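Could you slot chains B, C and D onto chain A? The hints should help.
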Amino acid sequence: MNLLLWTLVVPLLTAAIGGLGGPRPFKEATMAGGLALTFALCLATANQFLGGGTPAAFADALRVDGLSALVLVLCGFVGLLSGVYGIGYLRRNEARGLVTSRMRREFYGLIPAYVFAMLLVSASNNLGVMWIAVELTTLASVFLITFHDRDTSLEAAWKFLVLGSLGLAFALLGTVLVFASGQGSLGEGMGALHWTRFMQVTPELHPFTLRLGVVFALIGYGTKAGLAPMHTWKPDAYREAPSPAVVLMAVGMLNGALYCVLRIHLISKASLGPEFSEGLLLTLGLLSVLIATPFVLIQWNIKRLLAYSSIEHVGIMAIGVGLGAQAAVFGALLHMTYHSLAKPVALFSAGTLAQLHSSSNFDRIGQGTFTRAPVASAVFVLATAIITGSPPFGLFFSEILILRAGFSGSHPTATAVFLAALIVLFCGFAYQVGHLVLGPPRDPADRRVPQPERFDIGMATAVAAAVIAVVSAFYLPAPLMALIRAATHVVWGGG
Amino acid sequence: MMSMQDALLAAGAALLHAGGLLAVAPLLKTVIKKMKARLQNRQGPPLLQGYYDLAKLLRKEPLRSEVASWVYVAGPRVYFAAAVAATTLVPVVFAAAPLEAAGGILLLVGTLALGRFALATAALDTGSPFGGMGASRDMTIAALAEPALMLGLFASALAAGSMNLGVLVRTLVQEGVTLHPADILAFAGLFMIVIAETGRIPVDNPATHLELTMIHEAMVLEYAGPDLALVEWASAVKELLYLTLLVDLFMPVGIATSAAPQAVLVAIVAWVGKVFVLAVAVTVVESTNAKLRLFRVPELVSISLGLAFLALAIRFL
Amino acid sequence: MVDTLNVDGLVAVGVPLALAIRLTSVVVTLMLARHARACRWVALGASTAASMMTAGVAVRVIESGRAIEGTLFRQAASETVLGYSVTPLSAWFLMVLGLIAVPVALYSAGYFAHAVARPRTAAVGAAVNAMLGGIEVVFVADGVIAFLCGWEVMTLGTAALVATEHQSRQSRRAAYLFLAMSHVGTGCLMAGFMILASAAGSLSFPAILSGHVVSGPVRHGVFALFFIGFGVKAGLIPFHVWLPEAHPAAPSSVSAFMSAVLITAGIYGLFRVCAFGLGTPDVNWALVFMSVGTLSAILGVLYALTQTDIKRLLAYSTIENSGIISLGLGTAMMALADGRSTLATVAATASLMHVLNHAIFKGLLFLGAGSVGMATGTRHIEQFGGLLRPMPWTGLCFLVGALAISGLPLLNGFPSEWLTFQALLLGFSSTPGMIRLTFPLAAALLALTSALAAACFVRAFGISFLALPRSRAASEAHESPVFMLVPLGFLATLCVVLGLFPGGVLRALEGITASLPGLQPPAAMVWDGLGMSSTLTSFDHVVPAMFGLAVLSGLIVSTALTARRGVAVRQAPTWGCGGELTPRSEYTATAFSKPLLMIFGAVYRPTRQVDALAEVSPYFVDEVRYRTEIEPTFERYFYGPLVRGVMQMARGMKVLQAGSLHAYLAYVLVLAVILLMWLGGTT
Amino acid sequence: MTANVLILSAAGMLVSAYLMVGQKALFTTIRLYGLQSLLLAIVATTMAVSESRPELFVTAALTVAFKTILIPWFLMRTVDRIGIHREIEPFLNVPVSLLVCLGLTVVGYRVSTGFEEGAQQVTHHLIGVALSLLLIGLFLMVTRKKAITQILALLTVENAVFLVAVGVTTGMPLIVEFGIAFDVILAVLVLGILVQRIVGRFESMDVSRLSNLKG
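Residue numbers (this note's numbering), protein chains in the order written: chain A, 1 to 495; chain B, 1 to 317; chain C, 1 to 683; chain D, 1 to 215.
Since the hints were derived computationally from the structure, they do not count as laboratory data. None of these values were measured; they are calculated from a predicted model. Treat the hints with care, since some could be wrong.
Covered by chain C, according to a simulated footprint, are these stretches of chain D (three or more residues, beta-carbon under 8 Å) [unchecked claim]:
no.: 1; segment: 96-110
no.: 2; segment: 140-146
no.: 3; segment: 198-212
Each residue gets a CB set at the ideal place from its N, CA and C atoms; glycine is no exception.
One chain only, chain A, in its complex shape (with noise of 0.2 Å):
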């Protein structure tokens, strides 16, 4: 059987025997291994591409290439950092008995599953394969979201549902239309759909159709990628779910959900021309780092402020596809690269200290965790340092090449107007990291006594991502510099 199927039913059998009841070492042992697999698989794959082979299943409808891999490869990474993590924070839960077997059965289930729902996305070269993944990816996120089973959780997962199916109905609308700009030419049967086939035959397509259909894809895609202005759900979700499927979220189907944009805008690039989808998400992407700015500056709550920095990311990669410059491109992808290593981090120390003060918000956090959750706090600081895009850090370099190729290119205002916007957010993230980090131990008269910090699984992680995401900084693995080349080529020279 071949690889990349390997790479998708790995995580579907994790998903179900996590599902199923059984002791807890058993269930980790499978999560945690199941998903090293699938990241080995993902790696596998990868090099199998790079070796020269497209691997493929389903007569193409599932293709790998430069894109794909690259968005595989730092899913099933992120996967795997975050089943990990998953196991450190459930223990952490469950030594405070808040766990019960439906949590758990559902935890162990649906964080494999939503896994393969990204894989799967990033995987397909079929539009409407595609469609159906990212609306799996939705449905797996759901009741993580709810996991808590908080009055606000509901909350967040009923908006989250609505919006999210509003976006794919406008989504597979925008498949439809595209398709049907394609009557004819594209011919019958799965191949019709396929991404490569409209490559082929972008010459023919009806503009005004295709026109409509990218408008609606993007709409629809960009909500589940949360660009502005569809981003209003993705604070609430993050704030409600726990953090090890927040990272789901914030890494794989944020990349996913650009990458299903990338395909699109690539189809229509092709067909009409670079300005049509550019403009759009330009816009988009400029808009969204602008909405971010200033609930950065009044955040608060941890976790949401991290939303923020994913919308802010987002707008980012989006303005360096919208920028229309080989060099933003790859700055872009370099950018979803470098965000993909360094979000995780940010997530996992945010997350432990709002597990060991037992909220999020900032109030109940209380200042100078320094000195209560020193390596947390440590790790957390750093994180932002990294996300802010300061040097000497990956984000840094990826933003400077978009900047670059902005202040050269045809856009200079809308370049300056991200720069000022990346300023103001810098600042808004010192003021509120400074807020929570430094400070006055926490006075003894107040009687909620946060846990002591412990160096466990979770921490571990925690730690390594941080590790990894420095390291990172100085040294990419060539394979992945390969990736992100040919990734390049991909969504530049188009195909």
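For chains B, C and D alone, coordinates are given in the frame of chain A:
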């Protein structure tokens, strides 16, 4: 580097020069006192009173506050040294200053500032409230006077194209003194500043020891005996120096350009005469004006600043 | 006898090696976090070694006049190469850094033990190395990326140091203010560099700072960006507000670094980019520089005068000196603008010289303040008094620093201010037209500045070190240990030596100014070997050493006059106006600066509040309370409103995320409708 | 002939959407939705016959099976279980809503003019109807406070999408069809479950009260 011989010559000249001014300085103070007295129909002190005072003070037993540290001791000495050293930068009889090779106007002003710094610091050392008050006021007035003084000096220095007093005087002498309106303005400005710097009415009253009005006197109130002698003497030298400076800048007529005896004689007479004239002017100002409130001084200073700036403007535009 | 060959070998790799040392020491220090003592020694030892190495490289470059270049690191992912190149200009700043960093590190070894809480030592040590490493990278970077990296690391390190005492709200605020402001600055720099880079099609300094990359209004825009960006770091008014908050917040020896070295990072930028990187400067740029410089000098010293926290006082005087430096630079630019390279050289020399001198005496003063603070446990001048008795050596060194910073002859403050005066006066005598009047005005204001500085430091020294102790802490103070005194002594000696023999500095600077575009090797500025002269000797010159002899002989004479054999000096109590003399009857620092406070009331806009507390009847007052404070003009009228405005906007945006799903759906509807309309239009 | 049928049933769908806007009783709204889906099925069959595309019969069958029978039944059951039968006052009153919907229809049609060249009249109408339907459905989601109504509105949007799929394309590949249909059902189920949880928690279906997560 200058040769050994030149160095020795310069040193000798400097010694003579400084010695001479040190010798004359006390006289100037007494002369002004005397004229003032005359204007007020008083007898006034004998001409040599200055010397008597110094001699007496120097012979007195040194007396110091038990609070004070070595800074208190160093103050008057540095003040004195600065004043003496400053003299070597200013031409008096010859159209050259003994140590003009060492620097010009800026160094001169800097040196006087050094002396002031030393004295003001020392004044804070006894813990007496008067010392502090005096130091504060003295530094304040000095700070205010500084820009006007500089600008006034620049005005005439730039005219002659040199900041070095020796060179400056020689150029003036070569060109012959031409009374440009700018000179008048600059002179007026500088004269006011000299009044302020030397602690004369209307800025300060050298004769008073009334707590709330004194400035310089408050600063040195705690000093007695030899220390006080040094301070008094140094201030006298300073005053003489300022007047000589005015003379050099605005009416260097008759200054000796060669070592010929008669030239020197003429020069000495001329210098004495000119300084005397200025002394008279100072006296007149002192006896016809009332002391200004401390917070009126800025107005006075700003006037002279304006004059100096005007001088620059009308000369070079 | 060192084998020159391997010296050259060392020099060739000196910079990367030094940075590597710093990096490793950062890591090691953080690993040793539990052992404060070890941290101290590792961090400071490494710092000393690294600074010595860079200083060595710098000296070699200054001697040879040839730049040393190389690669620091290549960021594979974005295919950017971070190269370095020690140009003579960089070398000068590097040397200054080394000159300060070594003694300060030695001092810190003793100081941290007392002043830094044990658990924080690791963080502080690491941050110090990060900051210095960053600054070094800034100085040697030969490309935008490397520069920005160094710049940012420097900023973050400094912020960490400022936040050392993070329990106190004040220092948290200071750290944040610093971080935010310098990041805005960084933003300006990024924009400026990116514009230049896109125009030049390259990121390397030689390419983008060749001076002919952009022209017309863009050039002015770029200049403005850079001026703000670097001005923030240089602490020029009106970008200074972070400085008086941040410098006092850090541990004193770190403040010494910040005031002496961090500031120069901004100055370096102003030199490298604004003055000599954007082609022949525009006259208006020069005017901007001169006016901002003068403004900073005057306001800086005026604010310094009224401070009662000794470190705030020093911080404000840093603003003043940074103003003097940029005044000199502005003069140089003015000269370049109408193509008089000799004058430009004099001005640039003055400016660079003041960079060195300020670094020395400000470092000295901050270290002194640190020792005093350590001995008394406070930074409040009114709490000091009579410290000269318990701490004679510290006091002496502080006095030297005070004399130097007041620009008095025979010390190193004088030569650079003297040169600045020369530049201004020469500028006047050789500039045509109305504009020349700016020079004497600037000169007059410079004179006012140095006179006020003198007043300020008479106050600072006199009130702190003389007369009676004003508090119990002060009376129980004791001298600091020897290895904290040695650095002070070293710096004080430097003040005197450089003050007496400025010629040597000039000689070192000749090659550096010669390397700057538009400047030519100056004619005989070194005069009489040790003295200096403005380029035309007849105009003016000074030989401090020679004059020093005169003063010395004056001293001898005076002592001879007063020397009385056999008569003992009688000690008597000071007259306390009839009452007994107590510390409470001494003149206070506040009182000392009162006259100036009132005279410059227009600047200070002081608010005073006097309340008489009477128990029995209003006619029998038991106690009178007097409060006076000066208005923080810029904070109140510019930055405050700005921040409030931004925050208000942010809060206003909150309605967008008010929790109503219907609103969220409405956004999508609106977006869809808008896009559909737009599409409908495009058929 | 077929063209008329198509246009008629499409128009019928639009009308049903308008009626939903004007309607407050939940059962009626659900039935209207069923009707709408039925019309969609008719469109599909007509297309199947006229363009001889047998796979469209499958689509029609799926539509009838799921959307006119299964989903309405499921939703009615939910409503019954909850026992709330009327929509509370929406954000906009009926007349205004109707006016807005008219505007949205205009927008939809304006866009569909882009299809005139190339495609035939029918397509133009179908697209116009579909887009209007989509926007109206979205508008319903915006204005209605009840969870159930929001689901219905969402389903209306979905119908619009399917109308396009059926009317304009030569039919999506079957597997994809199945997948999509399956997903839609799943989505509805999940939505239903959430609704029940919400009601169980808040004793109300008024989702406008779910606004505790701000900023």
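Cross-check of the supplied hints:
Look at the segment 96-110 of chain D against chain C: 4 of its residues bring a Cβ nearer than 8 Å to a Cβ of that chain, three or more, so the hint holds. Counting residues of the segment 140-146 of chain D whose CB lies closer than 8 Å to any CB of chain C gives 4, which reaches the minimum of 3, so the coverage claim holds. Restraint check on the segment 198-212 of chain D versus chain C: 5 residues with Cβ-Cβ distances below 8 Å, three needed, restraint holds.
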